[in-house]
Amino acid sequence: MSTTLAPRLVACVDALRDDRPTPDARDAAQRRLVERLERAGTMPRPRALRLVGAAVAACAVAVLALGPLFLGREALAFADVQRHFLAFETLEMTIETSAGGAAMPRQVVQTTRDGRVRVDIGSNLSVILDTARGHGISLLHDARAAAPFAFPPGGRAPRSDGEVDWLEELRTFQGMAERIAETRTIDGQLAYGFALTLAGQRTELWANADGLPLAMEIDAGGGATLALAFEFAFNRPIDPALFSTEAPPGYARADGE
Amino acid sequence: MPTPDAILDMTDTDAHPSPAELARTYGRQVFDAAYRVLGEAAAAEDVQQDVFLRLVESPPRDVVSWPALLAASAVRLAIDRLRHRRRWRRWFALFGRDDAIVPASTGPDQNATQHERARQLRVAISALPAREAQCFALRWIEGLELAEIARATGLRENTISVALHRAARHLEHRLAEAAATTEPTP
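Chains A and B supply the protein sequences, listed in that same order.
The first sequence begins at 1 in the working numbering and counts up one residue at a time.
The second sequence begins at 1 in the working numbering and counts up one residue at a time.
For the record, the hints were derived by calculation from the structure and aren't laboratory data.
Everything numeric in this text was worked out from a predicted model, so none of it was measured.
The C-beta atom is built at its ideal place from N, Cα and C for all residues, glycine as well.
Treat the hints with care, as some may be off.
Sample of chain B residues with no beta-carbon within 10 Å of chain A, all distances over it, derived [claimed, not checked]:
| # | residue |
| --- | --- |
| 1 | 36 |
| 2 | 44 |
| 3 | 56 |
| 4 | 121 |
| 5 | 147 |
| 6 | 148 |
| 7 | 162 |
Pairwise CB distance ranges (calculated) [claimed, not checked]:
| # | chain 1 | residue 1 | chain 2 | residue 2 | range |
| --- | --- | --- | --- | --- | --- |
| 8 | A | 23 | B | 21 | 16 to 26 Å |
| 9 | B | 176 | A | 253 | 28 to 38 Å |
| 10 | A | 90 | B | 21 | 26 to 36 Å |
| 11 | A | 183 | B | 57 | 27 to 37 Å |
| 12 | A | 187 | B | 127 | 36 to 46 Å |
| 13 | A | 108 | B | 145 | 52 to 62 Å |
| 14 | B | 158 | A | 241 | 49 to 59 Å |
| 15 | B | 127 | A | 142 | 29 to 39 Å |
| 16 | B | 156 | A | 20 | 29 to 39 Å |
| 17 | A | 244 | B | 127 | 57 to 67 Å |
| 18 | A | 185 | B | 156 | 52 to 62 Å |
| 19 | B | 180 | A | 187 | 33 to 43 Å |
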């Protein structure tokens, strides 16, 4: 190890290099890798075959796009589902999260077409954003504390690495959303599922026959038993007072960011 | 099947080995490289498969060193996952559950101090900018020389040197912070 690294860092690097997988895990992974490559075909497809593949894919897209005209509701296309996230007046999402089998506080996200957002996390924390004006406020209900903050009007709210970009990815998603063969009943409605990858996570999005999204499940993986289950409600009236970025009566004002 | 040395010496003028051949020869090394970054076998296996399936979909050209290229690919994908995991950890920290995504210990006989050091370094690496993290992992964890990293990543050696310097300073700072919060005061 070079002397350019501090001793503490050298010790950590050595520890990390010494952290090895078990031989069984290594061998099993290698076996599955070889099997998967055999299934995938190990040679790149010739150009002619790629063109055929592209033509087939284009036809498939056309069939999906035109499907509702000819095939009725059974041919629900992912674009039908996606458009609800592109053009809504209001959207309310209830998010149930569990990690390692333990339930996390429920989150409720309410947002409007003009860029007002309210996030309630459990019963104690709310964050409200007015993106048009560049105002935001965090409310700690137990402590009766309010922390206003500002960000560039018309821009995005202050970001952190904790922000989850799945909604933006979903709105702009142009990849392959695979139809799930089974159906579910959600809120009394027959629901059709799509499997896709958003932000590197396997996601299942469920919608009714009109393409109205009803629920979504995200498997965050990463070695954790982490799952998020969403329920959606589009275009329900929401009390405008819920989006106020003024401190509520009785709340002490704290310094914001 | 070509030997590792034969593959190491292959250039673009030679026939490319197939992804299956590369997987048989280097699959375990790719798994190990991903594991060292992630500390978890299931995630390392996902990265390992991703590395070789990408070779099937878009074979690289002008490969001077397959081991270096594969190591760079594995490290880059593993760091992407590590950084993604960090985002979730920060989210869970809001609820006091930042332990929810820390990988489990990999064996009962593993030295606890060593395991903790490795864990702290992974956490610190996940907070680095992606380029710094990749350069650091390739240089100090995978043991590649600057020239090999340059060929495998397409970065200039000067750029890599700067990234390595910054990464080391950032990591030393973060590890010192971590130690201050875990070590008892004298």
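Status of the hints after comparison with the structure:
1. Not every CB of chain A is more than 10 Å from the CB of residue 36 (chain B) (nearest about 6 Å), against its label as outside the interface.
2. Taking the minimum C-beta to C-beta distance to chain A, about 7 Å, the non-interface status of residue 44 (chain B) is violated against the 10 Å cut.
3. For residue 56 (chain B), the requirement that its beta carbon stay farther than 10 Å from each beta carbon of chain A is not met, with the minimum near 6 Å.
4. Not every Cβ of chain A is farther than 10 Å from the Cβ of residue 121 (chain B); the closest lies at roughly 4 Å, contradicting the non-interface assignment.
5. For residue 147 (chain B), the condition that its CB be more than 10 Å from all CB atoms of chain A holds, with the nearest at approximately 16 Å.
6. Every CB of chain A lies more than 10 Å from the CB of residue 148 (chain B), the least distance being 16 Å, so the non-interface label holds.
7. For residue 162 (chain B), the non-interface assignment is confirmed: its Cβ lies about 13 Å from the closest Cβ of chain A, beyond the 10 Å cut-off.
8. For residue 23 (chain A) paired with residue 21 (chain B), a C-beta distance near 23 Å keeps the hint of 16 to 26 Å intact.
9. Roughly 36 Å separates the CB atoms of residue 176 (chain B) and residue 253 (chain A), a value that falls within the hinted 28 to 38 Å.
10. Look at residue 90 (chain A) against residue 21 (chain B): about 56 Å separates their beta carbons, and that is not inside 26 to 36 Å.
11. Checked against the hint of 27 to 37 Å, the pair residue 183 (chain A) and residue 57 (chain B) passes, with Cβ atoms roughly 32 Å apart.
12. Range check, residue 187 (chain A) to residue 127 (chain B): Cβ separation about 41 Å, and the 36 to 46 Å hint holds.
13. For residue 108 (chain A) and residue 145 (chain B), the hinted distance range of 52 to 62 Å is satisfied, since their beta carbons lie about 53 Å from each other.
14. Separation of residue 158 (chain B) from residue 241 (chain A) is about 57 Å and conforms to the stated range, judged on CB atoms against 49 to 59 Å.
15. Taken as a hint, the range 29 to 39 Å holds for the pair residue 127 (chain B) and residue 142 (chain A), whose Cβ atoms sit roughly 30 Å apart.
16. Our hint of 29 to 39 Å for residue 156 (chain B) and residue 20 (chain A) holds, since their Cβ atoms are close to 33 Å apart.
17. Hint check: residue 244 (chain A) to residue 127 (chain B), Cβ distance near 35 Å, so the stated range 57 to 67 Å is violated.
18. At roughly 58 Å, the beta carbons of residue 185 (chain A) and residue 156 (chain B) sit within the given window of 52 to 62 Å.
19. Roughly 51 Å separates the CB atoms of residue 180 (chain B) and residue 187 (chain A), a value that falls outside the hinted 33 to 43 Å.
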